Amino acid sequence: MPLILTEEQTMLQEAADGFLNDNAPIAHLRKLRDERDPDGVSRDLWRSFGEMGFAGVLIDEADGGLGLGAVEAGVIAESLGRTLTPSPFFGSAVLSATVLKSGDESQRQWLGRIAGGEAIVALAMDEGPKHAPARITTRAERSGNGFRLDGAKSFVLDGHVADTLIVAAQTEEGLTLFLVDPAMAGVSRERTVMVDAHNAARVTLSGVEVDAGAVIGAVGGGEAVLEQALSLGRACAASTLVGAGDQAFKVTLEYLRTRKQFGKLIGEFQALQHRAAHLFTELELARAATLAALQAIDAGREDTSLAASVAKAKAGRVAELAVQEAVQMHGGVGMTDEFDVGLFMKRVRVLNELLGDAHFHAERLARAQGF
Amino acid sequence: MSDLDAFRTQTRAWLEANCPPECRGPLKGEGDMVWGGRDAAFPTPAHKVWLDRMAERGWTAPEWPAEYGGGGLSREEAKVLASEMRRIQAQPPLYSFGVWMLGPALLAFGTEEQKKRFLPEIVRGEIRWCQGYSEPGAGSDLAAIQTRAEDRGDHWIVNGQKIWTSYADKADWIFCLVRTDPDAPKHLGISFVLFDMATPGVTTRPITLISGKSPFCETFFDDVRVEKENLVGTLNRGWDVAKHLLAHERTMIGAMGDAGVGRPLGQVAAESVGLDEAGRLDEPMLRARIAELDIDAAAFRLAMERVGDQVKAKQAHPAIASMLKYYGSELNKRRHELVMAAGGSEALEWEGERSKDGQAARDWLRTKANSIEGGTSEVQLNIIAKHLLQLPGA
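Residue numbers (the numbering used here), protein chains in the order written: chain A, 1414 to 1784; chain L, 31 to 424.
Extracted from the complex, chain A is given alone in its bound form (with noise of 0.2 angstroms):
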């Protein structure tokens, strides 16, 4: 498969900008901050998000969604990092659906109500401020005919305003996933307002009674369909980090191109311009290992785990010096709240913790080479 993307992908890409750019601009995502939106997110552009299809992309069409792949769940991915538009597609469509294709016939009822924008699924998984799924230690233990769930969950995905939780927990069995009510007795939640005005909150779960029909998949069944829903979510997270990345070189080039100083265009400096070239490359970079993962899972190849590490790392990376030089390459305008270059170090840096940070797929690669 060329690393390239075809005539349909980018087809996709373009619709996925156009729509963004005129629903959901930067504009929005300050108006959701400045207003102190209680939910952080627009169901409105939700149910848009279901009427483009963009809701339901990876959802197969017999369960109402388009029945695409990765790499185009990943041009849409990308189109959000360009915009900041917050969004429950990456907790919803991605994560979540992916987890959900391994439910029963009443669980996978959830993924029409995704791929039309009318549910927001949220999974909680991590539970320290670092992202660790080897080290999930919220206890499920049986009761009566099902399980009592007992733990806190951290930097859940539109855990405030989701209609139902995808909860990580631990058996005697092995990591399993339930489906979780939020109205339940025991289930409490609070928002975080986070850095880059993007939503996540903390789930605490204080002896939740869930029946067995909770359970996704098998009991102990839960780390395989999890490190699918991880693969998915790391590519796509690279995603959208090199898209912000990619837009905050874009608008710190139009600057260098403008703006004067010492009489000259900025631009003209080399020292401006060997930073930006060495940027340009890097992106370059990131772009070819995102693609590369997204197309690894689409294949179901068997280094797809490996190279979605490879994928998010680079990214990480990369968009983290994207938006370092924004700043800086913009002066005291870039840390304005004004412009928006602020904006894209925010959410870059919040996107680094999601899945996952460099550090953390480094050492996993590292692992895996056995030294």
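Calculated directly from the structure, the hints in this document are not laboratory data. From a predicted model like this one, the values you see are computed outputs, not experimental measurements. Don't take every hint at face value.
Here's a subset of chain L near chain A, in silico, CB distances under 8 angstroms, partners left out [said to hold, decoys possible]:
| # | residue |
| --- | --- |
| 1 | Pro294 |
| 2 | Gln297 |
| 3 | Ala299 |
| 4 | Ala300 |
| 5 | Ala318 |
| 6 | Leu332 |
| 7 | Arg336 |
Don't be surprised by glycine CBs; every beta carbon is placed ideally from N, CA and C.
Once you have looked at the hints, place chain L on chain A.
Using the frame of chain A, we list chain L on its own:
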């Protein structure tokens, strides 16, 4: 897709049957490289068999048209061939500036006669080529070359000096930039010509580098006769050919950022430094740097693949080669710094059997030229800024 699968199956079977065991596994040193030419040297007789078999199929230049001796493969088929060769750690059957640099320029600018004459012998590795570009006064500012070609009716007489001519002392022919119009603006008076290194008046002198040895030479032309039929492209428009060729050279140097069939650095370090109880390299800072390099190297390999696909789909900007050249050579320098760090005092040995006469140290020193040869890193960044980013005044 099924055609491609069939091609993979056939290719795998053919390689299994035809790649001799001596030609598999990492190269032990420069002596293992087969460069072909009139006085071709082969490390083992099997290496000659391997070259001949691959050349017969045109697989030393897999994507060139079959009518000129190439493999006639599609981009996708060529990728399959490369991955199947990697799978069995097959060594490249031929290292060749003819394949990497001159051939693509001839395909784009050569006459039909030139293509028919030169390309098949490049594919078969019969003629070894060198490149006459740089001069003592024309390094990064390549268009400042002074080597003169005077028109004598049916031929030219060439006088001047080239420098950094890789393997000039071993090459059979040279592709060379000469000034054919001294009065024109510097980019517009240059022509691209080919001639035999055995022509009277050509002499070479090896240059010793910090690595103790090197393929580089100084090359002198003293009244060298060059036939007019050996002009490639248009008279005084050799700069166009040179730029085309440079793009291939840059991609080639960039590709060295990918270690190829060498052993993963983490393994090399594990043998030297050792592992702790948890199975991690017993030198956490070094381990982290190697892991970061691995990520960059993997991403770079994919970026190279992507550029190749973009070229094939006619979506690539010609200046994109500068990106690969820049990053690949910087990456290669980083890698060799880490090879030295991983090897410790053993990597410092300059002589002796154990260190293969200081191969690690010599390779490390050699990489420092990567960001100078074929246009310095700074020149590549200038090109990116000007042609890809359209920055003002660049």
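Honestly, which of those hints from before does the structure not fit?
none
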